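*Asks:* Heads up: the protein sequence lines correspond to chains A and B, in order. Residues 1 to 236 in our numbering are what the first sequence lists, from first letter to last. Residues 1 to 236 in our numbering are what the second sequence lists, from first letter to last.
Fair warning: there could be bad hints in the mix.
Where chains are identical, the list cannot tell them apart; a pair therefore holds if satisfied intra-copy or between any two copies.
Computed list of lysine-lysine pairs in DSBU-like fashion (alpha-carbon distance at most 35 Å, straight line) [claimed, not checked]:
hint: 1; residue 1: 124; residue 2: 3
hint: 2; residue 1: 13; residue 2: 169
hint: 3; residue 1: 72; residue 2: 143
hint: 4; residue 1: 40; residue 2: 3
hint: 5; residue 1: 151; residue 2: 13
hint: 6; residue 1: 25; residue 2: 103
hint: 7; residue 1: 52; residue 2: 25
hint: 8; residue 1: 45; residue 2: 103
hint: 9; residue 1: 72; residue 2: 103
hint: 10; residue 1: 169; residue 2: 151
hint: 11; residue 1: 13; residue 2: 72
hint: 12; residue 1: 103; residue 2: 40
hint: 13; residue 1: 151; residue 2: 45
hint: 14; residue 1: 103; residue 2: 143
hint: 15; residue 1: 143; residue 2: 3
hint: 16; residue 1: 143; residue 2: 25
It is worth saying that the hints were derived from the structure and are not from the lab. Treat the numbers as computed from the prediction; the structure is a model and nothing was measured.
Each chain, written out:
Number of protein chains: 2
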Amino acid sequence: MLKYQQIAEEIEKYIEENELQQGEKLPVLDTLMSQFDASKSTVTKSLDLLEKKGVVFQVRGSGIFVRRHKRKGYISLLSNQGFKKDLEESHLTSDVIELKVRKPTAEAARNLNLELADDVYYVKRVRYINGQTLCLEESFFNKSIVTYLNKEIVSESIFNYIREGLGLKIGFSDMYLHVGMLTAMEADYLGMEEGAPKLDVETVFHLTNGQPFDFSIVTYNYEQSQFFLQANSQLL
Amino acid sequence: MLKYQQIAEEIEKYIEENELQQGEKLPVLDTLMSQFDASKSTVTKSLDLLEKKGVVFQVRGSGIFVRRHKRKGYISLLSNQGFKKDLEESHLTSDVIELKVRKPTAEAARNLNLELADDVYYVKRVRYINGQTLCLEESFFNKSIVTYLNKEIVSESIFNYIREGLGLKIGFSDMYLHVGMLTAMEADYLGMEEGAPKLDVETVFHLTNGQPFDFSIVTYNYEQSQFFLQANSQLL
């Protein structure tokens with residue numbers, strides 16, 4: 001971790017531990033520089049990172065303020081850490097239904113830029129929150145990138161393993177959301193009625209070099225799921 | 001518009017007009033600098049903005065590449081421009097059901113940091129895409145910030161008016177998503193069956209100074225709506 005990332009992490013921890021509220025002002029740049037014994041450009045980089053992550057907002061000529069939302073129990077849609085971080089007071093578990101090497105579906109091949117003859121790791125899991133079904137997840141990993149998976153790994157955080165075990169750098173992702181009704185098969189896995197509302201989230205995850213390595217389709221039990229999203233001004 | 005924003009806009013236009021595909025490489029920094037007659041720091045700022053907007057991705061030591069998704073007809077969840085931009089080939093209209101000054105609901109007051117005795121502009125619209133219902137929208141605007149609205153304004157883009165007519169600077173927003181079933185009233189407005197699936201999106205919009213000015217609740221007709229989202233690496 002680089003110094004600016006460390007500083008960003010410490011500021012974020014400080015905000016959480018002290019339960020600072022939205023709109024509270026952080027110390028000025030000079031104070032942060034001497035507090036962390038860091039240059040102006042390093043602290044500025046830390047603050048830019050925190051702004052991108054939605055932890056602070058900066059008002060030109062006025063200061064740096066805490067950005068925080070007030071609702072609990074929401075899943076962050078833009079973060080893989082979301083499950084762990086936002087729901088940390090909840091108990092999350094996974095049931096692995098299937099793990100195997102196979103050929104991709106046409107849809108998976110298209111999203112991963114693969115040929116139909118290429119190999120993928122296929123993972124199917126049901127995830128539980130506090131003992132109730134949260135979602136059904138199907139993932140296709142390009143096997144030439146994610147070269148190895150086993151049942152123990154896919155019972156835990158696959159992304160932690162990809163980062164730390166395989167040393168890959170995870171970059172951006174594209175997500176597609178649809179609302180619909182549960183099929184009989186999905187309802188069965190989720191313990192719901194066929195035809196109940198659902199949210200499908202399809203995601204294509206890329207490495208920092210732009211290569212797609214994971215295509216996943218997650219079907220949420222609408223009764224257990226509420227989602228949170230932050231937008232920054234450049235998008236508005 | 002500042003020079004770096006202009007350059008960013010021109011690069012984005014170039015990508016669209018030339019239909020560059022995901023992964024295609026843009027000219028190197030030196031070329032862009034001379035092409036736009038701009039300094040290294042200006043062009044770097046332009047590229048950072050485009051990266052934040054999800055238009056390009058930068059690979060250290062390798063170059064700048066086009067970031068683009070392949071699916072058409074998706075609504076960008078993180079952009080107010082989304083409706084206009086992503087659906088530009090579609091025909092969008094609004095029916096204004098109600099526009100008045102009133103007191104906020106408890107929920108609106110809480111999200112806008114208002115007292116129950118304060119005034120808000122309340123707008124209720126049904127939006128149509130290609131003649132079919134897309135969503136039912138209820139918005140509460142803090143009247144001490146959004147001081148004036150009329151029927152003509154709310155038939156068009158309220159945000160364009162807020163920015164250009166009132167000269168306000170729109171900052172970040174927080175969004176909360178829920179999947180559920182249409183109430184009889186919602187179903188009626190959307191021309192659907194009661195109990196059909198729906199997506200509710202609640203958004204708190206803030207000015208760049210952090211003040212919330214608009215709380216909106218949008219209920220989507222699930223048959224007309226598919227949503228698109230981009231995440232950057234710092235969030236993963």
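*Asks:* Take the hints in turn and mark each one as holding or not.
*Replies:* Results of checking the hints against the structure:
1. 124 - 3: For residue 124 and residue 3, neither the intra-copy (38 Å) nor the inter-copy (49 Å) Cα distance is at most 35 Å.
2. 13 - 169: both (24 Å within a copy, 30 Å between copies)
3. 72 - 143: For residue 72 and residue 143, the Cα distance is within 35 Å only across copies (28 Å; inside one copy 37 Å).
4. 40 - 3: both (12 Å within a copy, 24 Å between copies)
5. 151 - 13: within (33 Å within a copy, 47 Å between copies)
6. 25 - 103: between (53 Å within a copy, 30 Å between copies)
7. 52 - 25: Classified as both; 17 Å inside a copy, 25 Å across copies.
8. 45 - 103: neither (43 Å within a copy, 42 Å between copies)
9. 72 - 103: between (40 Å within a copy, 26 Å between copies)
10. 169 - 151: within (22 Å within a copy, 51 Å between copies)
11. 13 - 72: For residue 13 and residue 72, the Cα distance is within 35 Å only inside one copy (18 Å; across copies 40 Å).
12. 103 - 40: neither (51 Å within a copy, 46 Å between copies)
13. 151 - 45: neither (39 Å within a copy, 45 Å between copies)
14. 103 - 143: Within one copy only: 10 Å inside, 58 Å across.
15. 143 - 3: within (34 Å within a copy, 44 Å between copies)
16. 143 - 25: between (47 Å within a copy, 25 Å between copies)
Of the numbered hints given earlier, the model fails hints 1, 8, 12, 13; all others are met.
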